[in-house]
Amino acid sequence: MEITMYMYLIPSLIMFCCGVYGFITRKNMIAILISLELMLNAVDINFVVFNRFLFPGQMEGMIFTLFAIAIAAAETALAIAIIINIFRVVKNLDIRDITKMKF
Amino acid sequence: MESVGNIVIYFIIAIAIIVFSVLTVTSRRILRSATYLLFVLFATAGLYFQLGYEFLGAVQIAVYAGGILVLFVFAILLTSKPAAEAERLTTKKRWLGLTAAILGALVCGYALLSSSIFCGKTIDSVLNVDMQTIGHALMGTEKYQYLLPFEAVSILLLACIIGGVVVARKR
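Heads up: the protein sequence lines correspond to chains A and W, in order. Counting in our numbering, the first sequence runs from 850 upward without gaps. Counting in our numbering, the second sequence runs from 16 upward without gaps.
Hints are computed from structural coordinates only; laboratory data are not their basis. Don't take each hint at face value.
Said to hold, decoys possible - Capping the alpha-carbon separation at 25 Å, the derived lysine-lysine pairs in BS3-like fashion look like this:
(1) A:K940 <-> A:K876
(2) A:K949 <-> W:K158
(3) W:K136 <-> A:K940
(4) W:K158 <-> A:K940
(5) W:K96 <-> A:K876
(6) A:K876 <-> A:K949
(7) W:K108 <-> A:K876
(8) A:K949 <-> W:K136
(9) W:K136 <-> A:K876
(10) W:K96 <-> W:K158
Stated by the list, open to error - Simulated coverage check for chain A against chain W, where a stretch passes if three residues somewhere in it have a Cβ under 8 Å from a Cβ of chain W:
(11) 854-865
(12) 875-884
(13) 894-903
(14) 908-918
(15) 928-940
Ideal Cβ positions, reconstructed from N, Cα and C, are used throughout, including at glycine.
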């Protein structure tokens with residue numbers, strides 16, 4: 850039995866779709882952020898797998914994943930700072946209650 | 016032909032990824048869902064190791080599991096009681112989410128399975144990405160070298176540090 854490219858892409862596809870499901874159904878802001886991390890991670894896996902299987906001599910996918918990880922870390926830190934600030938004001942993290950900046 | 020150990024490791028990683036990502040979005044206690052996310056990230060790091068990208072797997076463990084997950088756990092413990100459960104989903108919302116996820120999976124899965132030109136490929140060469148190559152690729156200015164994005168990311172991280180302090184400080 851050989852390990853083909855499908856067998857890496859399909860777990861990553863399932864991971865991405867779990868992220869979509871969580872992003873739509875969750876109410877807590879941190880839970881939404883966790884779903885977002887799942888989606889980012891699935892995309893990272895895809896980059897690495899395409900790099901490894903189709904262009905093993907180059908390393909563009911790997912470098913791109915490195916930068917994506919760095920940007921994801923920055924984004925998460927900032928998002929959590931914003932969430933904690935919102936919690937200080939509203940005492941709640943339910944996205945249905947945070948509508949003050951809406952028109 | 017792959018070795019048996021490789022295939023066994025692959026199946027462990029793939030099943031861990033699938034099971035724990037489903038648990039991450041369905042668990043109603045948020046601290047548990049963060050823990051399941053940790054397992055997903057570890058399985059992803061294992062996948063990188065298995066593909067031969069040791070540096071990437073180490074970065075994944077250090078940055079994601081060591082940095083982001085700690086941030087998540089701190090934020091969860093600061094903002095909610097650990098034993099608090101999320102309320103049950105309304106059926107409308109759940110159906111909306113399920114429809115979006117399954118439709119997306121079907122479309123992408125169909126696109127994957129119908130384009131069988133390259134997706135059935137197997138690994139046919141040994142990979143050796145050593146630290147020296149990565150360092151040269153990150154620190155050079157020629158073709159296939161990435162000094163400019165590297166510096167841009169460093170400025171982004173600086174901006175992120177300042178932004179985080181400004182946003183979260185006490186007024």
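Now for the hints, and whether the structure bears them out:
Only pairs whose Cα atoms come within 25 Å are accepted, and K940 of chain A paired with K876 of chain A is accepted, the gap being roughly 15 Å. This hinted pair does not check out: K949 of chain A and K158 of chain W have alpha carbons roughly 49 Å apart, beyond 25 Å. Restraint check: the Cα-Cα separation between K136 of chain W and K940 of chain A comes to about 52 Å, which exceeds 25 Å; the hinted pair is violated. With a CA separation close to 51 Å, the supplied pair K158 of chain W and K940 of chain A exceeds the 25 Å bound.
A distance of roughly 16 Å separates the Cα atoms of K96 of chain W and K876 of chain A; the hinted pair therefore holds under the 25 Å criterion. For the given pair, K876 of chain A sits about 17 Å from K949 of chain A by alpha-carbon distance, which is consistent with the 25 Å threshold. Between K108 of chain W and K876 of chain A the CA atoms are separated by roughly 10 Å; this keeps the pair inside 25 Å, and the hint holds. Between the alpha carbons of K949 of chain A and K136 of chain W the distance comes to roughly 52 Å, so the proposed pair goes past 25 Å and is violated.
For the proposed pair K136 of chain W and K876 of chain A, the alpha carbon gap of about 41 Å is over 25 Å, so the pair is violated. This hinted pair does not check out: K96 of chain W and K158 of chain W have alpha carbons roughly 52 Å apart, beyond 25 Å. Counting residues of the stretch 854-865 of chain A whose C-beta sits closer than 8 Å to any C-beta of chain W gives 12, which meets the bar of three, so the coverage hint holds. Closer than 8 Å: that is the beta-carbon criterion, and the stretch 875-884 of chain A has 8 residues meeting it against chain W, so the requirement of 3 holds.
Only when three residues or more bring their CB closer than 8 Å to a CB of chain W does the claim for the stretch 894-903 of chain A stand; here the count is 6, and the claim holds. With 8 residues bearing a CB less than 8 Å from a CB of chain W, the stretch 908-918 of chain A meets the requirement of three and the coverage assertion stands. Chain W is given as covering the stretch 928-940 of chain A, and this holds because 7 residues of the stretch bring a CB closer than 8 Å to a CB of that chain, at least three being needed.
Going through the hint list in order, the structure does not satisfy hints 2, 3, 4, 8, 9, 10.
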